[in-house]
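Residue numbers (the working numbering), protein chains in the order written: chain L, 1 to 232; chain A, 233 to 415.
Errors might be hidden in some of the hints.
Stated by the list, open to error - To give an idea of the interface, some chain A residues facing chain L are shown, with a C-beta separation under 7 Å as derived from the structure: (1) 259; (2) 262; (3) 302; (4) 303; (5) 321; (6) 333; (7) 335; (8) 368; (9) 389; (10) 414.
To be verified - When the alpha-carbon atoms are kept at most 30 Å apart in a straight line, the in silico DSSO-like pairs for lysine-lysine are as follows: (11) A/404 <-> A/327; (12) A/324 <-> L/112; (13) L/176 <-> L/218; (14) L/57 <-> L/71; (15) A/346 <-> L/112; (16) L/141 <-> L/96; (17) A/279 <-> L/112; (18) A/348 <-> L/96; (19) L/176 <-> L/62; (20) L/71 <-> L/141; (21) L/112 <-> A/251; (22) L/112 <-> A/350; (23) L/62 <-> L/205; (24) A/327 <-> L/112; (25) L/96 <-> A/250.
Claimed, not checked - Just the calculated beta-carbon pair ranges, DEER-fashion: (26) A/279 <-> L/166: 24 to 32 Å; (27) A/379 <-> L/198: 53 to 61 Å; (28) A/277 <-> L/1: 36 to 44 Å; (29) A/277 <-> L/97: 41 to 49 Å; (30) L/166 <-> A/331: 39 to 47 Å; (31) L/130 <-> A/340: 38 to 46 Å; (32) A/309 <-> L/97: 29 to 37 Å; (33) L/132 <-> A/388: 20 to 28 Å; (34) A/325 <-> L/155: 27 to 35 Å; (35) A/305 <-> L/165: 16 to 24 Å; (36) A/320 <-> L/132: 54 to 62 Å; (37) A/388 <-> L/67: 23 to 31 Å; (38) A/277 <-> L/27: 36 to 44 Å.
Simulated from the structure, these hints should not be mistaken for laboratory data.
Positions of the beta carbon are idealized from the N, C-alpha and C atoms, including for glycine.
Next come the chains, spelled out residue by residue.
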Amino acid sequence: MEQDIAITNISLDLIGQARNFYQYAATLLNTQKVSSQIGGGSLEQAVTEDSFAYFRKSPEFKNILMVELPKADWAFTILRQFFFSSWQNLLFEKLKESNDAQISAIAVKALKEIAYHVRWSSEWVIRLGDGTDESHERMEKAIAELWSYTGEMFIPVHYELEAVNNGIGTDVALLKESWMQNVEKIFSEGRLSVPSVSVVHTGGKEGKHTEYLDQVLKELQSVARAHPTAIW
Amino acid sequence: MKKENEHNIEEASLNEEKKIWSILKDIPDPEVPVLSILDLGIVRSIKLSQYPPPNDGDWDIEVIITPTYSGCPAMDMIAANIRFALLQNGFKNIKITTVLSPAWTTDWMSEEGKQKLKEYGIAPPNPKQQVCNNELFAPHEVVQCPRCNSYQTHRISEFGSTACKALYQCDKCSEPFDYFKCH
């Protein structure tokens, strides 16, 4: 139950970080008076964080595929968190130096939270990998399932490169080496090995998703879409 | 004459600001109601501007707040409570601005706040230097039991009932308690 609370706390942090980005994006769009086409229809009213969360269709979401995969075994949940948090930690360390003050502020704030996520998930990868035969086996199964989704984190798409050129973003390809070193270190402590799979699933960052994202959005957006004028 | 006016406005502004701080002092944190939002260090500053006389009394007020955690669900409620409290006290033009930088830290919690937390049964955050250790499987932070003051306690979970707390148990009096973790 304690770990259930932990994963919920981590989700809360991540939702908060996403809200910070969405709020900032809304401010930018509203000040630039860009005619927004969110959700396929032009919105007369001002864009808010909710426009991004509740009224975009799946191709408008630009996330890596790994994070939209459905829940599975606990080992899978832990491993995904570990892969993601270790990457996010490296990414936000770079975003700290962004020449956009608000992006930098969001990153600095989030890094304090990410430190907890990295430590917690790393400990669990080791604990399960170096635990019982059963937990070790499940961890290996999770690695086999998830590994081909990790490559996408390090392949920049056009808007990421544009952000690099503007000094706002960072080149994600350069994060790979540190990330791999950390994974190898944690895996060796957990008696796990890095697979030699070369397949990389991509497309999420360009809006080409698995069918799972639609399922997530259907649930997430159901209330907002049923009552689009509701105020809370 | 002009100078005197400016001086008066400045003084009036200071008085108004004092008044606003004392109103904010009574607004409780929704998740840890024993603490006020000032004890937590959530309110960073107040900005006041006044239209010159004869429109005096019409103050533009901006309250700058900062979240403890990115995902703190209490922030929207805190902003609303600040607005209500100021409206109730006759202020009209109120703006609440959330800033993320510099990021909130437990160092901003007042000594009075720490004392109140302890009396409430929540162990207050330890001073910074001891903590925020990112080493894996590091020994748990030593936290004093808020009930019996024993240092023989152990951590049950790094994540507690809210984002800002961890769960501990005292080995001496067996009491489980929340620890407001270092951040």
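Do the hints match the structure? See the list:
Hint status for residue 259 of chain A relative to chain L: violated, with the closest Cβ pair at about 21 Å, above 7 Å. For residue 262 of chain A, the suggested interface contact is broken, since its CB lies about 15 Å from the closest CB of chain L, more than 7 Å. Among the interface hints, the one on residue 302 of chain A holds; its C-beta lies about 3 Å from the nearest C-beta in chain L, closer than the 7 Å criterion. Proximity of residue 303 of chain A to chain L holds as hinted, the smallest CB-CB distance being about 3 Å (cut-off 7 Å).
For the restraint placing residue 321 of chain A at the interface with chain L, the shortest Cβ-Cβ distance is roughly 26 Å, beyond the 7 Å limit, so the hint is violated. Given hint, residue 333 of chain A at the interface with chain L, holds; its Cβ is 4 Å from that chain's nearest Cβ, closer than 7 Å. Taken as an interface hint, residue 335 of chain A checks out: its beta carbon lies about 4 Å from the nearest beta carbon of chain L, inside 7 Å. At its closest, the beta carbon of residue 368 of chain A sits 5 Å from a beta carbon of chain L; the interface hint therefore holds under the 7 Å criterion.
Because the beta carbon of residue 389 of chain A sits about 4 Å from the nearest beta carbon in chain L, less than 7 Å, this interface hint is met. Annotation: interface hint on residue 414 of chain A violated; nearest CB of chain L at approximately 10 Å, more than 7 Å. Note on residue 404 of chain A and residue 327 of chain A: the hinted pairing is violated, with a Cα-Cα distance of about 49 Å set against a maximum of 30 Å. With a CA separation close to 37 Å, the supplied pair residue 324 of chain A and residue 112 of chain L exceeds the 30 Å bound.
Restraint check: the Cα-Cα separation between residue 176 of chain L and residue 218 of chain L comes to about 33 Å, which exceeds 30 Å; the hinted pair is violated. Restraint check: the Cα-Cα separation between residue 57 of chain L and residue 71 of chain L comes to about 21 Å, which is no more than 30 Å; the hinted pair holds. About 21 Å separates the Cα atoms of residue 346 of chain A and residue 112 of chain L, which keeps this hinted pair within 30 Å; it holds. With a CA separation close to 35 Å, the supplied pair residue 141 of chain L and residue 96 of chain L exceeds the 30 Å bound.
Distance restraint check for residue 279 of chain A and residue 112 of chain L: the Cα-Cα separation of roughly 28 Å lies within the 30 Å cut-off, and the hinted pair is therefore satisfied. Distance restraint check for residue 348 of chain A and residue 96 of chain L: the Cα-Cα separation of roughly 35 Å exceeds the 30 Å cut-off, and the hinted pair is therefore not satisfied. Distance check on the hinted pair: residue 176 of chain L and residue 62 of chain L sit about 20 Å apart at the alpha-carbon level, within 30 Å; holds. Distance hint between residue 71 of chain L and residue 141 of chain L is fulfilled; the C-alpha atoms sit about 14 Å from each other, no more than 30 Å.
Proposed proximity of residue 112 of chain L and residue 251 of chain A is contradicted: the alpha carbons are some 34 Å apart, above 30 Å. With a CA separation close to 24 Å, the supplied pair residue 112 of chain L and residue 350 of chain A stays within the 30 Å bound. For the hint linking residue 62 of chain L to residue 205 of chain L, the alpha-carbon distance of about 4 Å falls within 30 Å, and the restraint holds. Taken as a hint, the residue 327 of chain A and residue 112 of chain L pair is honoured in the structure, with Cα atoms around 28 Å apart against an allowance of 30 Å.
For a cut-off of 30 Å, the pair hint linking residue 96 of chain L to residue 250 of chain A is broken: about 36 Å separates their Cα positions. At roughly 31 Å, the beta-carbon separation of residue 279 of chain A and residue 166 of chain L lies within the given 24 to 32 Å, and the hint holds. Distance hint check: the CB atoms of residue 379 of chain A and residue 198 of chain L are about 57 Å apart, consistent with the given range 53 to 61 Å. The hint said 36 to 44 Å for the Cβ distance between residue 277 of chain A and residue 1 of chain L, and at roughly 41 Å that hint holds.
The hint said 41 to 49 Å for the Cβ distance between residue 277 of chain A and residue 97 of chain L, and at roughly 26 Å that hint is violated. A hinted range of 39 to 47 Å is violated for the C-beta pair residue 166 of chain L and residue 331 of chain A, which are about 23 Å apart. At about 40 Å, the beta-carbon gap between residue 130 of chain L and residue 340 of chain A stays in the expected band of 38 to 46 Å. For the pair residue 309 of chain A and residue 97 of chain L, the beta carbons lie near 34 Å from each other, so the given range of 29 to 37 Å is met.
Evaluation of the 20 to 28 Å hint for residue 132 of chain L and residue 388 of chain A yields a pass: the beta carbon distance comes to about 22 Å. In this structure the supplied range 27 to 35 Å is violated for residue 325 of chain A paired with residue 155 of chain L, their Cβ-Cβ distance being about 49 Å. Between residue 305 of chain A and residue 165 of chain L, the C-beta spacing of about 37 Å breaks the proposed range 16 to 24 Å. Our hint of 54 to 62 Å for residue 320 of chain A and residue 132 of chain L holds, since their Cβ atoms are close to 60 Å apart.
About 29 Å separates the C-beta atoms of residue 388 of chain A and residue 67 of chain L, a value consistent with the hinted range of 23 to 31 Å. Checked against the given bound of 36 to 44 Å, the beta carbons of residue 277 of chain A and residue 27 of chain L, roughly 20 Å apart, lie outside it.
When each numbered hint is compared with the structure, violations occur for hints 1, 2, 5, 10, 11, 12, 13, 16, 18, 21, 25, 29, 30, 34, 35 and 38.
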